[in-house]
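Chemist: As a plain string of letters, each chain reads:
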Amino acid sequence: MSRENELMDTGSMDIVNLPGGAKAALEAVLMVTDEPVAEAQLAAVVGLGVDQVGALLVALQREYDGYTSTCNDACPVSAAPATAAPRGFELRKVAGGWRIYSRTDFAHIVSRFVMDGQTAKLTQAALETLAVIAYRQPVSRARVSAIRGVNVDSVVRSLAQRGLIEESGTDAESGAVLYQSTHYFLERMGISSAEDLPQLAPHLPGLENLQDFEDSSY
Amino acid sequence: MSRENELMDTGSMDIVNLPGGAKAALEAVLMVTDEPVAEAQLAAVVGLGVDQVGALLVALQREYDGYTSTCNDACPVSAAPATAAPRGFELRKVAGGWRIYSRTDFAHIVSRFVMDGQTAKLTQAALETLAVIAYRQPVSRARVSAIRGVNVDSVVRSLAQRGLIEESGTDAESGAVLYQSTHYFLERMGISSAEDLPQLAPHLPGLENLQDFEDSSY
Amino acid sequence: MAARPKPAESAGFEVRLENFSGPFDLLLGLISKHEMDITDVALAQVTDEFIGYLRRLREAGADWALDEASEFVVLAATLLELKAARLLPAGEAENDDDLALLETRDLLFARLLQYKAFKEIAAIIGDRLESEAERFPRLTALEPHFAALLPELLWRHTPEKFAALARAALTPRVPAPTAVGLGHLHAPTVDVKEQSEIIAAMLAVGHAMSFRVLIADAATTLVVVARFLALLDMFRDAVVAFEQAGPLGELQVHWTGAFAYKELDSESGMDRE
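Protein chains in written order, with numbering that gives the first Met the number 0: chain S, 0 to 217; chain F, 0 to 217; chain E, 0 to 272.
Do not rely on the hints blindly, as some may be mistaken.
Here are a few chain S residues that sit away from chain F, every Cβ distance over 12 angstroms (derived from the structure) [said to hold, decoys possible]:
| # | residue |
| --- | --- |
| 1 | A54 |
| 2 | G95 |
| 3 | A200 |
So the derived label-pair ranges between C-beta atoms look like this [said to hold, decoys possible]:
| # | chain 1 | residue 1 | chain 2 | residue 2 | range |
| --- | --- | --- | --- | --- | --- |
| 4 | E | E159 | S | D195 | 16 to 26 angstroms |
| 5 | S | E172 | E | A240 | 56 to 66 angstroms |
| 6 | F | V57 | E | L153 | 43 to 53 angstroms |
| 7 | F | S153 | E | F241 | 35 to 45 angstroms |
| 8 | E | L153 | S | S167 | 21 to 31 angstroms |
| 9 | E | D126 | S | G65 | 37 to 47 angstroms |
| 10 | S | A119 | F | H107 | 38 to 48 angstroms |
Rather than coming from a laboratory, the hints here were simulated on the basis of the structure. All residues carry an ideal CB built from backbone N, CA and C; glycine is no exception.
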């Protein structure tokens, strides 16, 4: 552990001496990626500990949101109100990594430039199927069908084509293909992991023993 | 001209009221576009005059370089020395317009990041997508997705980055960007033109019968 | 039984059928429409409304009336089952049969509630996706001097190998049909394909045979059913033709296909030579 720290210190030395320090180095890296970057990878690249990098990213996030911080690096997260105008972009932790997004306030302006990713809205059937897969993953089409009471084959195919779900192996017993939600789904939802999905329980009144019945064969 | 100005004024009204004002709106656009954006285009979109937008862009540029400006919008360009740490990104005026780049001071860190985890081999998904594009070119991403049954956006981006495919105009009907294979791809294959690719069996589906499916509104 | 008067004829079938995507959807719609407990839903009334609705659809030239009708049969069965279970006294179960019925009732309600829960969640996800679509991620291509740092691509594909890859990638991926659980069936399975071979062999003698003759040796009803299904398959494949003198008359089957039926079986890998 101590040896690792030494190595890290060597790495961090030159970064800290650069204008803007480690925070600016992180920004520079975030500028060239086209997908969320994991904290661990950022830590490795800038040569700092994961915790330190996590704190710096949170500090950057707050800065973009308009909380001024004149201190360099390792800035304590204060509960002070926003004192500066927020930037036109924000830093967010999604799908297990960090990524820069335009701020929603400017959606109407940005959308005139970015046609990419402007996808058609999902149908009700697609949304419901996606919901079942996201909450019951990995899950077979048969089981999704049973829950939804209709055949879901074509909807599953189009969700896969849109990159929102993917195959994830086969069921050991039945050999049926299992499906799970993708990283892209998390990105589109703006959440970090499937665990951040809203709780299902409040929507299921009085069904504490749900597990039992849902595993029964239909 | 006067009528156009009127329209622009209407546009600028609501932008100025947004948090961060017109400067933040410009940032939002610049942060998510990957090609230089012309000043005139930015001016039209935020609904300000070209001169005003030019001044705001210079102000942003100076802000990123570490010259603090507490004033909002229309900030006079002062000749004061940099007082804050520069950001990890910079705004540059290049041929054709303005674009945000990672700051050159951090090039060695960004390089480390680019080389980190990059393998010299194409993934299976990338190879299959390349095969579909090579044999069905020019073809849109939506079509390739329809054939492959998965979302191919990021794979297409990385194939383009590798120089194996390139854009080749847009589809007359849908306006979608079309892709084709490159000379570099032919070189790597050791053939002189795409027509020299081995023939596939004639009964393989063309794109005609995929039309319905991909156009269905899921 | 109905808590409210029947809606006016002009109102039509009020459950928004154009949006419904299955029996549960319709069931939920019905329950909320009639604002009543499931036991109070008059099945006959709902059926009347539905049939009237279907008739109007057909008159309007909607060709999907059949789909709707078949969905409704599933719904009606579910509803009936639910009602039967629901009408039982909710007190202590007297015996195992009562218990089983109560469990059935609970199971059906649980499934319905689960479906409702997922509908609510789907709405949340839909809203979330929509509001998130207002944020745009930075999606930049690497600047050329950084892109140049990417390691040189390893390329080991000959044109032939690459063509094979393309062939695989371009071959339509036919998804396996959704598996239907057969755990509840205890009867030995009868293979329809096998039955069609038996029929083909019988008809190979050259003259027409009645269905009665074709099933004369069937040991169980299941075999009769399988032979009937096999005949439908063969009719579809245009290797047999039917003839019937009048309603309920004897069904005559002719062989109209090529000489050997086994040719059609080539895909199953069977070779009887």
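Chemist: All the hints need checking, so say for each whether the structure fits it.
Modeler: A quick look at each hint next to the structure:
1. A54: holds, 16 angstroms
2. G95: Since the minimum Cβ distance to chain F is about 14 angstroms, G95/S lies beyond 12 angstroms and the statement holds.
3. A200: holds, 29 angstroms
4. E159/E to D195/S: 16 to 26 angstroms: violated, 47 angstroms
5. E172/S to A240/E: 56 to 66 angstroms: violated, 44 angstroms
6. V57/F to L153/E: 43 to 53 angstroms: For L153/E against V57/F, whose Cβ atoms are near 46 angstroms apart, the range 43 to 53 angstroms holds.
7. S153/F to F241/E: 35 to 45 angstroms: Violated - the Cβ-Cβ distance for S153/F and F241/E, about 56 angstroms, lies outside 35 to 45 angstroms.
8. L153/E to S167/S: 21 to 31 angstroms: Because 28 angstroms falls inside the window, the suggested range holds.
9. D126/E to G65/S: 37 to 47 angstroms: Hint violated: Cβ distance 26 angstroms, outside 37 to 47 angstroms.
10. A119/S to H107/F: 38 to 48 angstroms: 43 angstroms Cβ-Cβ, so the 38 to 48 angstroms window holds.
When held up to the earlier numbered hints, the structure conflicts with 4, 5, 7 and 9 and fits the remainder.
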